[in-house]
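Number of protein chains: 2
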Amino acid sequence: MSRELDFFFYIGSTYTYLSVNRVAKIAAHEGIGLRWRPFHVRAIMIEQNNRPFVGKPVKLKYMWRDLERRAMRYGIPFKSIPDYPVDPEGLANRVAVLAAEEGWCPEYARATYRDWFLENKAPGDPEHLRLMLSRLGKDPDSTISRANGETIRSRYDSETEHAKQLGIFGSPTFVCDTEIFWGDDRFEDAMEWAKSRQR
Amino acid sequence: MSRELDFFFYIGSTYTYLSVNRVAKIAAHEGIGLRWRPFHVRAIMIEQNNRPFVGKPVKLKYMWRDLERRAMRYGIPFKSIPDYPVDPEGLANRVAVLAAEEGWCPEYARATYRDWFLENKAPGDPEHLRLMLSRLGKDPDSTISRANGETIRSRYDSETEHAKQLGIFGSPTFVCDTEIFWGDDRFEDAMEWAKSRQR
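Chains R and S are the protein sequences, given in the same order. Numbered as in the numbering used here, the first sequence ends at 205 without a single skipped number. Numbered as in the numbering used here, the second sequence ends at 205 without a single skipped number.
The hints are simulated quantities; they were obtained by calculation from the structure and are not laboratory data. Fair warning: this is a prediction, and the values are worked out from it, not measured in the lab. We put the CB at the ideal spot given by N, CA and C, even for glycine. Accuracy of the hints is not assured; some may be wrong.
Unchecked claim - One-sided and incomplete, this derived list gives chain R residues near chain S with beta-carbon spacing under 10 Å: (1) Asn27; (2) Ile50; (3) Lys170.
Stated by the list, open to error - Computed list of chain R residues with no C-beta within reach of chain S, every gap over 12 Å: (4) Glu53; (5) Arg79; (6) Asn154; (7) Asp191.
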């Protein structure tokens with residue numbers, strides 16, 4: 007059975023900030039492969055009328071406080087609440103799809119979240135994205151052009167459809183075979199599941 | 007500072023099944039007092055338009071699977087998905103308020119959840135409630151009569167209002183001073199918080 011976990015995520019999800027900063031190291035330490043799979047969770051959530059924070063200020067306020075406390079617990083920096091929601095055009099996520107195909111998704115996702123959470127540079131803002139891609143050693147024009155092309159758009163759509171077929175409705179979600187674990191706080195459950203499948 | 011945690015809960019919440027079966031023992035072991043405080047979370051959720059499962063079958067299906075896996079993890083029995091939602095009149099919860107005042111809330115809550123989850127006897131069904139109260143050594147007529155009286159109704163309302171003022175919007179929620187922790191899966195965070203406040 008599986009020695010791998012699929013890490014389905016959406017840049018724009020808040021708790022995914024914690025996951026991009028902690029799960030790779032733990033998975034590597036445990037000998038579990040981690041496949042980074044960006045998908046369009048917002049499309050699924052809107053389709054399923056699943057809008058956990060729209061018009062729910064009490065729950066939204068709690069979410070940020072909980073995220074801040076969890077970041078503290080994990081030793082992940084947190085300064086203040088950044089702009090939210092972000093990436094209306096989906097560009098940040100399509101670049102993530104390209105990065106996943108080319109093997110630089112972890113660095114890209116961490117840099118994107120760091121700039122968003124610590125400097126309030128919204129993912130998907132083209133000007134900031136160009137700067138960040140340069141810092142990562144990527145050619146901004148070529149990268150953005152491919153992220154806007156049909157191949158990557160189609161891959162983003164098919165990954166989203168695949169996630170939906172698995173019953174995924176939120177980000178992050180960790181998948182082991184057909185078992186899905188939703189939320190950064192279920193990563194440990196997913197790891198235990200994957201390890202128990204190895205035997 | 008606080009050596010106590012407030013355990014705000016609603017009989018009818020699904021994940022609260024896990025909490026009523028596990029948190030008292032852990033808190034006692036750690037020397038943290040636990041105050042059982044039933045409240046009307048459903049009223050708060052409806053007021054805040056927070057309906058996490060209504061019309062969301064994908065999320066609902068996942069919730070039950072996640073709950074089943076978590077029960078397995080904690081060694082808490084789980085047989086099959088019971089009837090849900092329950093206690094339309096609020097009787098099961100008003101009995102819990104009375105039980106909390108008289109000191110038998112933990113046994114009552116555990117028995118109620120056990121019968122609901124393992125035998126599909128819905129909380130708040132008067133006939134079953136009478137049988138269960140008898141098993142707990144309580145007089146059914148007197149107990150139900152007091153649970154339906156003005157004193158307990160008013161107490162239930164004021165506890166609900168107090169929860170709302172604290173920013174509580176779900177069950178279970180653990181409270182340490184003014185810090186709130188929502189979800190059975192945040193009990194450990196709440197415990198750590200309470201312990202750090204002792205120093």
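Comparing the hints with the structure gives:
A cut of 10 Å between beta carbons decides the hint on Asn27/R: the least distance to chain S is about 18 Å, and the hint is violated. Using the Cβ-Cβ criterion of 10 Å, the hint placing Ile50/R at the interface with chain S is satisfied: the shortest such distance is roughly 8 Å. Look at Lys170/R: its Cβ gets to within about 8 Å of chain S, closer than 10 Å, so that hint holds up. Not every C-beta of chain S lies more than 12 Å from that of Glu53/R, the closest at about 10 Å, which undercuts listing it as non-interface.
The Cβ of Arg79/R sits about 7 Å from the closest Cβ of chain S, inside the 12 Å cut-off, so the non-interface label is violated. Every CB of chain S lies more than 12 Å from the CB of Asn154/R, the least distance being 30 Å, so the non-interface label holds. At roughly 6 Å from the closest C-beta of chain S, the C-beta of Asp191/R falls inside 12 Å, breaking its exclusion from the interface.
Hint check: violations occur at hints 1, 4, 5, 7; the rest are consistent with the structure.
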